Structure formats: structure tokens, C-alpha cells
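Here the protein sequences line up with chains F and U, keeping their order. In terms of UniProt numbering, the first sequence opens at residue 1 and continues consecutively. In terms of UniProt numbering, the second sequence opens at residue 1 and continues consecutively.
Just so you know, these hints were derived from the structure itself, not from any lab. Keep in mind it's a predicted model, so treat the numbers as computed, not measured. Heads up, a few of these hints could be off.
Pairs involving identical chains hold if they fit within one copy or between any two copies, as the list cannot separate such chains.
Pairs of lysine-lysine, DSS-like flavour, derived with a Cα cap of 25 Å [to be verified]: (1) K103 to K214; (2) K157 to K172; (3) K404 to K172; (4) K325 to K214.
2 protein chains.
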Amino acid sequence: MDKPISMPVSGVNRTRAAELMAASSLAALVATTPENINYILGSQLRASNWTMQIYAVLPQEPDARPCVIIPTNRLGVIAQMGITGADLYVYSDFFVEGSIEGKPSTPDIDLFYSLLQNTTTHAGPIEALEAALEQLGLKGQAVGVDEMRIAPDLLAKFAGGLPGGQAMPAYKLFRQIRQIKTPFEIERLRQSAVLNEAIEQQLIDLIAAGVHEKELAEHYRLAVMRAGGTPAMTAVGAGPRSALPLIENYFRVIEPGDQIRFDLCLQLDGYWGDTGRTVVLGEATPWMEHHFQAVRSGWEQALEMVRPGVKASDVFQAAVARVQKEGIPHYRRQHVGHAIGLELYDDITLSPGDHRVLEPGMVLCVEVPYYELGAGGFQIEDTIVVTADGYEFLTQMERKLFRK
Amino acid sequence: MDKPISMPVSGVNRTRAAELMAASSLAALVATTPENINYILGSQLRASNWTMQIYAVLPQEPDARPCVIIPTNRLGVIAQMGITGADLYVYSDFFVEGSIEGKPSTPDIDLFYSLLQNTTTHAGPIEALEAALEQLGLKGQAVGVDEMRIAPDLLAKFAGGLPGGQAMPAYKLFRQIRQIKTPFEIERLRQSAVLNEAIEQQLIDLIAAGVHEKELAEHYRLAVMRAGGTPAMTAVGAGPRSALPLIENYFRVIEPGDQIRFDLCLQLDGYWGDTGRTVVLGEATPWMEHHFQAVRSGWEQALEMVRPGVKASDVFQAAVARVQKEGIPHYRRQHVGHAIGLELYDDITLSPGDHRVLEPGMVLCVEVPYYELGAGGFQIEDTIVVTADGYEFLTQMERKLFRK
Numbered sequence: 001m002d003k004p005i006s007m008p009v010s011g012v013n014r015t016r017a018a019e020l021m022a023a024s025s026l027a028a029l030v031a032t033t034p035e036n037i038n039y040i041l042g043s044q045l046r047a048s049n050w051t052m053q054i055y056a057v058l059p060q061e062p063d064a065r066p067c068v069i070i071p072t073n074r075l076g077v078i079a080q081m082g083i084t085g086a087d088l089y090v091y092s093d094f095f096v097e098g099s100i101e102g103k104p105s106t107p108d109i110d111l112f113y114s115l116l117q118n119t120t121t122h123a124g125p126i127e128a129l130e131a132a133l134e135q136l137g138l139k140g141q142a143v144g145v146d147e148m149r150i151a152p153d154l155l156a157k158f159a160g161g162l163p164g165g166q167a168m169p170a171y172k173l174f175r176q177i178r179q180i181k182t183p184f185e186i187e188r189l190r191q192s193a194v195l196n197e198a199i200e201q202q203l204i205d206l207i208a209a210g211v212h213e214k215e216l217a218e219h220y221r222l223a224v225m226r227a228g229g230t231p232a233m234t235a236v237g238a239g240p241r242s243a244l245p246l247i248e249n250y251f252r253v254i255e256p257g258d259q260i261r262f263d264l265c266l267q268l269d270g271y272w273g274d275t276g277r278t279v280v281l282g283e284a285t286p287w288m289e290h291h292f293q294a295v296r297s298g299w300e301q302a303l304e305m306v307r308p309g310v311k312a313s314d315v316f317q318a319a320v321a322r323v324q325k326e327g328i329p330h331y332r333r334q335h336v337g338h339a340i341g342l343e344l345y346d347d348i349t350l351s352p353g354d355h356r357v358l359e360p361g362m363v364l365c366v367e368v369p370y371y372e373l374g375a376g377g378f379q380i381e382d383t384i385v386v387t388a389d390g391y392e393f394l395t396q397m398e399r400k401l402f403r404k
Numbered sequence: 001m002d003k004p005i006s007m008p009v010s011g012v013n014r015t016r017a018a019e020l021m022a023a024s025s026l027a028a029l030v031a032t033t034p035e036n037i038n039y040i041l042g043s044q045l046r047a048s049n050w051t052m053q054i055y056a057v058l059p060q061e062p063d064a065r066p067c068v069i070i071p072t073n074r075l076g077v078i079a080q081m082g083i084t085g086a087d088l089y090v091y092s093d094f095f096v097e098g099s100i101e102g103k104p105s106t107p108d109i110d111l112f113y114s115l116l117q118n119t120t121t122h123a124g125p126i127e128a129l130e131a132a133l134e135q136l137g138l139k140g141q142a143v144g145v146d147e148m149r150i151a152p153d154l155l156a157k158f159a160g161g162l163p164g165g166q167a168m169p170a171y172k173l174f175r176q177i178r179q180i181k182t183p184f185e186i187e188r189l190r191q192s193a194v195l196n197e198a199i200e201q202q203l204i205d206l207i208a209a210g211v212h213e214k215e216l217a218e219h220y221r222l223a224v225m226r227a228g229g230t231p232a233m234t235a236v237g238a239g240p241r242s243a244l245p246l247i248e249n250y251f252r253v254i255e256p257g258d259q260i261r262f263d264l265c266l267q268l269d270g271y272w273g274d275t276g277r278t279v280v281l282g283e284a285t286p287w288m289e290h291h292f293q294a295v296r297s298g299w300e301q302a303l304e305m306v307r308p309g310v311k312a313s314d315v316f317q318a319a320v321a322r323v324q325k326e327g328i329p330h331y332r333r334q335h336v337g338h339a340i341g342l343e344l345y346d347d348i349t350l351s352p353g354d355h356r357v358l359e360p361g362m363v364l365c366v367e368v369p370y371y372e373l374g375a376g377g378f379q380i381e382d383t384i385v386v387t388a389d390g391y392e393f394l395t396q397m398e399r400k401l402f403r404k
């Protein structure tokens, strides 16, 4: 049975985007990174090569339709993803023959065929982008461009046709817009966190003497894939290797008495999950108990601070001071948390140099890890959304030193 | 048991790189994309965010050691991957405590600890890059920069310190160096092709009435992951959906009489595999036989043309003319193959506008697909290496219309 296409919904906050564009006197923003394209369209369109250019245009006017600039060979992907909320501008040759009248078809083929019939091909990506802006009535107006994933020569070519010959770099502006999550995005981030924790619980269940770190990492990655997600950083470190912050290779077979640190990252529909816990196989030593409790106190302190109007840097200072006071006097960190969304590190970190204030709708991963080479590492990482009077957890697992 | 680290070997052709740098009067190249970094180091170092900057420096002098510029938090990854063939220049704060003397450790922790003790931290990525060039004795000399994955403001800052205030864009130069594969790279590409075909054969074995396209796609992705690879584009299209060139969503349950088209892509240690075949469940119709034979003749024609000195565009023209002559008079294509390597589309395509000549050591995917909406699609895609007097297959599967 051929399933109908479900149309993607996008997380974009058009009102906030319009306000921030107006404040910078920009008539539109051009997204070039998959994350910002996803923010506008509700679906990622990944290029298969660095030279392939894919853009999405977000007009300041909240009711104006976004536009997508893609190579012709991506029309079929647009049709399969059911992207119908944006106007399409295509470039480069791609040949597909045939007709579908009276022949076997599916909804995506119908849409693909109609797109092939009705879409004008432009000479190149910049010509297609300029046609989109002209159609939007924005030709000659100031435009910001997400500068991170556009070929520099094409950016220069495009900027040449703008007022003053310049396009304002807009990657940071996109991140600023994305700081405050829409209810749709909070729900997506909740799903990512819940999936991540469900699989993390499976890993805890699998821990036993003789199990290789690699088995746990592979279980995680395959489980994420089966759930329709994309696994990313998979820190699974046992024994002395629990002290390694990032883990990308797996060397150790778990032994009784090992502490195992998890810091697990995935993407689901583009939205990141990033959670972590620490487990001991057998009895925890007094050293483990002591250091875990210190870390956990710092994490609690960070959460106690979280509410609208509080500076990110103040959350940081309070959490670090608490860990130092509770038993790790030499404790140092570069941050005790970060915003999460379409990027693993969205804008705002709970760090000494970030003096911006928290606002309702920000989604943060709060983490106060400790890494001691020659001894072990500890992690508690949870995801929260800042609410009007505090915060709400998107994560559910117990916040304890797990025992197996 | 803790396994020792195996040191990565890189595919870089230092002699060819030196010649092409000399021809452009460049003292060094700076890689910024994961592909070009992998080319230099033999290992990918992926940034977790667009703002995170990772570079590798390849000096023109073939005996000079490459350098890596990374945030401090990537030192542990360098240690786990066993990257010891490059000098390290780090930036930004990252805190790990402890000592390992007389304590439980592993080879990667030993290396990580020694790196933490012996690596100077620089203020930022450009300061680290400048320190690397100064240490190489290349300060003030002309340098090319892979312009595709460096933050534009940082590129401008770096270029300001170069002769004439400019860095030559070097993404294309890296691709030109990578056109001719080293024996190490050919072996890696053979492994990717062999793995891809082994899993493709499993998909053919799984084909039966009632099997969903999605099951085949998921089997492919999980099998690639289990083999240590990364699955990418997974075109599995049955019945009318076999005519869709790129497939990213799966809608159809296979029925008797369906033709199923595979075009499957993976990465293994950074090197791409991209192969394809077509299968019929039950008896092929005369229309299927006719069109498959036309496509297969074009593919044979392309291969007959492949040898050093032949223009890529001449291979294209001959293949398309042959398909037209053998039974699809309206046949059109934008290319009949592409170079493959650390990018899915490396430099050189068998296309009407690419008049460069083939050279020994080029690795090409040769494909002459046909897509007819309302009818079906056909694919044969193989990987070859150009040799002194022709070519050698890296792929092994039969080149037939498979029957199930």
C-alpha cells in the first residue's frame, strides 16, 4: 500500500524573525546551512557535495511564502518530503522522461511530475535566488545571508547585486531567532530527549562484566537508526576511560567496579538530543560517591538559578562555586550547559563570558561534568525549557549514580 | 582487554600536492572541510557546530609535517584516533584534571595526557593557524585556503596577514590534487565498493512480494553501520517508484512484476561507495528487457572508451549516442559518471562540458541510468580505476537485469 505524503510543519517563529529582521533593516534572510533551511521548511535538504548549493529564503513579511533554491535533481526529494509550503526555484540540467496520465503512480510521483512541468529552470543558484527575491518584490532591498554554507564566490556574486554591494552575514541572526523555541520545536526537542533517554536506559540494562564499550556504542547507534534518528557523538567510557570527555573509539571490556559514563547525542527530524548519566557496576567507592554528589549538587544549583531574567554567566558561577564547596575544591569548567535545538550547541551557553539573560522558551542542556584522568568521569546532563517562572524538564530519567 | 591504537595512514599524494602548489606559487594549503582534512591526516575530524573551526595545514615541502588546528576539547579525539603524524595547535579553554602516573590507564589516555601537558593553547583558531605557519617557517608566504568550511570573518582575518592581504581559494586545488588516487586510496575505494555490493546482494536476496521498500532501505543502513560505515543516499524504488532518481522516503510494498532500482551510497573511513543495479520480481516485460539492454549498451560503450588521454566529454557523447541507437532514441543525460573518492562527486564528470582527459589513477563511477515516470527506472553503476592501458573494475557484481 502506498502511503500518502505527510506535509512537514516547520518550527519557524515568523513573528520573532520579522522583528529581528526589522531591527537590522533586512527585507529577507537567506538560509544556507541545513539547520537554518530546516528551520524554515520543516525538513532538511542536504547537499551531496560542497559545490552543490541549496538555499531557503525567509521574507520579513510574516505572510509571504518562503522560497527554496535547489538543483533540479532535488525536485523529487521535495516531492517525497511533501514540501508544499514554499515556492521552488531550480537550476541546472536534470533529465527525467515520461508522463503519468493513466499510468501507475503514487502521490510523490504525481507531485514530482507536476513540479517538473511547472518549474522554470534558472542558469545557476544565484540567478534562481535573484528570481525568488524579485518574485517576492524584494529586488534591490537589503538581505542577510547565512554565510556558513554558501560558496564564497557565489556569495560575492550575489552581494554585488545588493544595495551597497553587500549582504549582511546572517548566521548569528538566524541563531538569535532560534534562541526562543516555538511550542512545535519544544515538542520536537522533547521527543529527541525522550528517545535518547529510552536508549540510554537500554544501555544501562546491558551493562555487565565482559561487555565491551563498543557493544554499547553500537547498540546505541543502531537503536537510534531504527527509531528514525541519526546518531552522533556516542561517549561510552568505562573504567579509566570514563574520564575521557569525547569518545569516538572504544577499547575497553567492562569489569566489576568500573564506572561508566554516557554522553549521548542524536538528531531526530533535525532536532538534537543530548543527555548523559553515570553508572557503576557493583559497589561505588567512597571516592565515586563523593565526586558524584559534588557534581550533582552543582547541577542542582544550576537548575535552582534557572528562571527568566537571570544571566547565563550567573548560573555558571553559582554551579561551579557549589561543586567547589561540596567537595571538588579545584573544580573548573568552561560551561555548565548550552542551548540545544537544530544545532547541538544553539545560541547561549551557561558560561563565564555569556552575560545574556534567560528567557521563556529557551531550551537548555544543563551539565556539570567532572573528568579526572587516572580516576574517572561523571556526567548528569538533562534538557529543560525555561518557563515563565522557572523551568520544566524535557528529560525523565532519575538523576542518580546508577548501580548495576 | 584494552586494544592498542592503530595509527591512521593518509591517502595524500605529497608529490602531486607539491607540484600543484608550486605551479600556483603556494607554500602551503589549509584544509577546512572534513574531506580535505581526512586527505591530509587519514582521519576525519568533524566539528560539532558550524562555529567550531578545525583546519589542517599541508606544507608544499613533501617532508615537512602537516599541522592540525583544533579546539582543546578535540585533543582526546586525536589521541583515540592515534593521529601522531601531524603537529597540533589548539585553541580555547577545556578543563580535564588528574594525573596518570601509576594509575590505571590505556594507550589513548596516555597519549591524551601527554598532549594536554605538552600543547600550547592559542587565543583562537587563526592565532593557532598562524603559529603553525610560523613554526613551519612559512610566515609571510602565499597560502591557499579551502574556502568551503571556514567562517568567512576568520578567513578575512587570516587573509589580512598574508602577502597582498589575500588567501587563494584552494577547494578546487585540493580536488585537483585528489583527482589521481594513491594506491592506498584505491584500496580504500575498493573496500567501499565491495562492502556496498555485498549489502546490495543482501537486498536482492530479501526481495519478495510483500516486502516494503522501507525494510530494504533500513536493512541497508543498519548493515552499513554494523560494518563500520556511514550510510548515505539509499535509493530503493519499486514499481513506478523505480523511476524516481533520488529516493529518501519509502512508500511501496513490492508486488510481483515490480522492477526495483537500487542506487546506494556509503562512506567507509571517509571513502565513498556508490553502486547500483536493477532487479525484476518475476518475469521481465519486453519493455523492461528492451530498455535495460539499451542502458547496458551505453554503459558498455562508456567503458570501451575509458583509457588515459580520452576526454571525459567524448566518453559521455559515445555512451549517450549508443543508448539512443540501441533503443531509447529520446535518451538524454547530464552525465554518465563521476569521479569518486573522499567526496561522492570528486573532480571530473563524464559530461558534455568536461573536456579534460582521463589519467591513470582516476577512480570513476560509470552509470547510464534511465528514468521514465509512469513506467520505471534502470540503473547499472560500477566503480573503476583508470589504468595505463584502460581500466580495472573495483566492483564485482554481475552486470545484468537481476531476476527474483
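Verification of the hints:
no., hint, verdict
1, K103 to K214, "between (50 Å within a copy, 23 Å between copies)"
2, K157 to K172, "both (22 Å within a copy, 18 Å between copies)"
3, K404 to K172, "neither (44 Å within a copy, 54 Å between copies)"
4, K325 to K214, "neither (36 Å within a copy, 54 Å between copies)"
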